[in-house]
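2 protein chains.
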Amino acid sequence: MVSRVIPVEPFDLVIFGGTGDLARRKILPALYLRHRDGQIPDDGRIIGAARSEMDAAGYRETVAEAVRQFVVPAKCEPEQLARFLERIDYVAIDATGTRGWGDLAERMRPDLAQAFYFSVGPALFGDLAERLHQHKIAGPRARIVVEKPFGHDLASARALNATLACHFDEHQIYRIDHYLGKETVQNLMAVRFGNMLFEPLWKNQYIDHVQITVAETVGVEGRGAYYDRSGAMRDMVQNHLMQLLCLIAMEPPSKFEPDAVRDEKLKVIRALQPVEADEIVRGQYQAGDGTASYRDDAENPDSRTESFIALKVHVANWRWNGTPFYLRTGKRMRARMSEIVVRFKEPPHSIFEEDTGQSANELAIRLQPNEGMDLTVTIKEPGPGGMRLVNVPLDMTFAEALGEEATDVPDAYERLIMDVIRGNQTLFMRGDEVEAAWAWTDQVVAAWEARGEKPVPYEAGSTGPEEALILMHRDARRWRELNT
Amino acid sequence: MVSRVIPVEPFDLVIFGGTGDLARRKILPALYLRHRDGQIPDDGRIIGAARSEMDAAGYRETVAEAVRQFVVPAKCEPEQLARFLERIDYVAIDATGTRGWGDLAERMRPDLAQAFYFSVGPALFGDLAERLHQHKIAGPRARIVVEKPFGHDLASARALNATLACHFDEHQIYRIDHYLGKETVQNLMAVRFGNMLFEPLWKNQYIDHVQITVAETVGVEGRGAYYDRSGAMRDMVQNHLMQLLCLIAMEPPSKFEPDAVRDEKLKVIRALQPVEADEIVRGQYQAGDGTASYRDDAENPDSRTESFIALKVHVANWRWNGTPFYLRTGKRMRARMSEIVVRFKEPPHSIFEEDTGQSANELAIRLQPNEGMDLTVTIKEPGPGGMRLVNVPLDMTFAEALGEEATDVPDAYERLIMDVIRGNQTLFMRGDEVEAAWAWTDQVVAAWEARGEKPVPYEAGSTGPEEALILMHRDARRWRELNT
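Chains A and B supply the protein sequences, listed in that same order.
Numbering of the first sequence is given in the working numbering, commencing with residue 263 and proceeding in unit increments.
Numbering of the second sequence is given in the working numbering, commencing with residue 263 and proceeding in unit increments.
Here chain A stands alone, though its shape is the one from the complex (with noise of 0.2 Å):
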């Protein structure tokens, strides 16, 4: 298979807070990957805009050292890297001031694609946004990218949007879901959309039930006070697994285009049904060997966060009536592993006698670790014996067959910035699709807190509380192993 790498146009993109976590371990090394594999043009510049008083030869080796530490070593060549950092500048600016902004103004190239990374908290969003216009840096062709957390609920997601709807169109806002920009979770739009064999069994008559687990080996540890505000229905729920939950669910779009895919992704949050109290399981967890409690962690002995959360939910339309979608997501789980599990129902009879070791169809879409999809299917028991039917795996993503590109899939971070100067929104959060999801998460919380919840404690290192598995038993289901 040939790679075909196609350079974007000459742009400016700006990281604000270039200094930063994000900054260093994700961006900067999703940029230097597509230098490396010649998608950048010689005229794509990377502009570090922070508090630091620091000069451009400064940066460039903060940039060094974040290549260094977060690119395999394979890939990090001495060379490249030279290269790449030639086109790294920086600016040192107060997001709330008026340092540096007329410094930025000035390294400007107005013709040439524009993007503003605001790769710092949402408090600053509106700060930059009208420096941005005040100072006459963002043309009409100007892009910003901003991050999660979009809002802690629907009254603030709103403030937010609105914002930024004072200095910038949405069409030029790009909500960052980087769940969005997975291989496999494109492979899934490619597989149901592109082959006469899924789309037609995709909705109830076939589906028994959709599961979608995010679970994560982490505790809050330092991030304590924030997550304590928020939890795993507002910090993973509302955003990650929702958009996941969206792409399974959605009608075709009629292209696969940003606002024909956003929409139908609209139609499916606000299908949303209100969540049943015996369908949501909250839980914390517990100290671990060498690790601390949920509600140490937290810094609250009283906390009624939850750091897992389970729910049942119910998309009321045509297509998935009778279908359940179960979403789990947890920290201080047993493994890190965020897959999406479809699993068809049984044949409605079976014309075999000797069908042990039987079992429904799945297709099972990992996002990580080991990016991947397969399909599971019964066929005969190769050899002599009789008609013995066994399960297995077929590879999707053709990972050994199509060879090293197949498994060599690019981070979701390189394709969204990509994304970005291409001005392809297909992939990010709309506005009004955020707004949906709060609106329907707001709903979800309020009833817990009225009944005066409070989340049961699970053991670190395991699956979650076993009230969990229980949303499944008794339904005659259950979650499909947690493995790496």
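Derived by calculation from the structure, the hints in this document are not laboratory data.
None of the hints are false.
Straight-line alpha carbon distances no greater than 27 Å define the calculated DSSO-like cross-link-like pairs of lysine-lysine that follow:
1) Lys529(A) x Lys465(A)
2) Lys529(B) x Lys465(B)
3) Lys410(A) x Lys529(A)
4) Lys465(A) x Lys517(A)
5) Lys529(A) x Lys607(A)
6) Lys607(A) x Lys465(A)
7) Lys465(B) x Lys607(A)
8) Lys465(A) x Lys465(B)
9) Lys529(B) x Lys410(B)
10) Lys529(A) x Lys517(A)
11) Lys607(A) x Lys607(B)
12) Lys607(B) x Lys465(A)
13) Lys529(B) x Lys607(B)
14) Lys607(B) x Lys517(A)
15) Lys465(B) x Lys607(B)
16) Lys529(B) x Lys517(B)
17) Lys517(B) x Lys465(B)
18) Lys607(A) x Lys517(B)
Please arrange chain B on chain A, whose structure you already have, making use of the hints.
Quick look at chain B alone, frame taken from chain A:
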């Protein structure tokens, strides 16, 4: 994967024509391999019966030679062969006389399963059946096995059935079509009926068409006299291609049991429409590089018998209306290949802009060479580019994943002979099926004879006459490539 070979019950198997070509090439090697695999119990005995005057020791030499010649050396182990030969006995017999029958009667063990393999011309079927009863050799548990050709037309097939019916019940008669014993044919059944993924799509709404190809590289050579009275339609389509068509087209049987399956196959044959004149292409091969023309092989310079035929067949029922089955078979073609291709329709609408290289899903069931089954699906081309789609074949037999057992599939005869001993008729043709297939065949043959049509010549080593390609081209379809 653990091999689970369960021995069959003790048996006496008599092979009439035990020194003949079929016995030496297929039946005896198959029995040796089942012996070697542990499937034949200690009390399983094989009695050759033929005209030649020799003793058991002499016949054992014949058997040993056959095994050495037609079993791959890796499996031809002297020790195993020696033990296999201990099972072998021989009776010199006159099919149309009295010699040997008393002798055979004495050797049979009436309490065991009995099978009589009629590996002789159909002209002798009646004599053998009669004598087996006259001499009280065949008990109520006796089974007889017969090979094609089973008749030449409806009238002769009926006569043959009637002859056998004088002495045997239908449940005692095993009409072999070795295509049904192929591993992949059975895997097709498992895939169709053991998964929720395929059966709902298995209809005119989702399947564009089906292709069945049985191509041979040999000519008719020494069999010219027989073949010239038969032709490709009678010799191949009436039995092999028809059986494969039935397995693809049939409704799901309620059980994978002999009569349930055969009832469904019969319904398909009875739903076949007469074939229009312009939907039949008949051909005769020309002389090739060192090979004679069909007419020379047939010894009749004016022969109108076809050595190639292609047909567009319509199954007139709710499931298949509008989805044609294209059949083709011929001799002296480019490659030796038997394959069924189920071609799905294209998705009704493409949501992707860059869908270069995409085409419809295809399930290909390869019977020879390299038995196997693959499903062509469309996925996203891996890598950092845009949403480019690419077609890739999924191996549905898991030859690699399942290791040796999957690639080392038993020969059709191995399975079918064991099925005879087990008393399982599922993979054998019932009398009414054979008659229905002849009724349809007769109609097609009569129509072209009435029109006085001559076959068109085709190049030796080609894919058959150009007209066969046009048969599909004019429907905007094409044959899958003929390759090994």
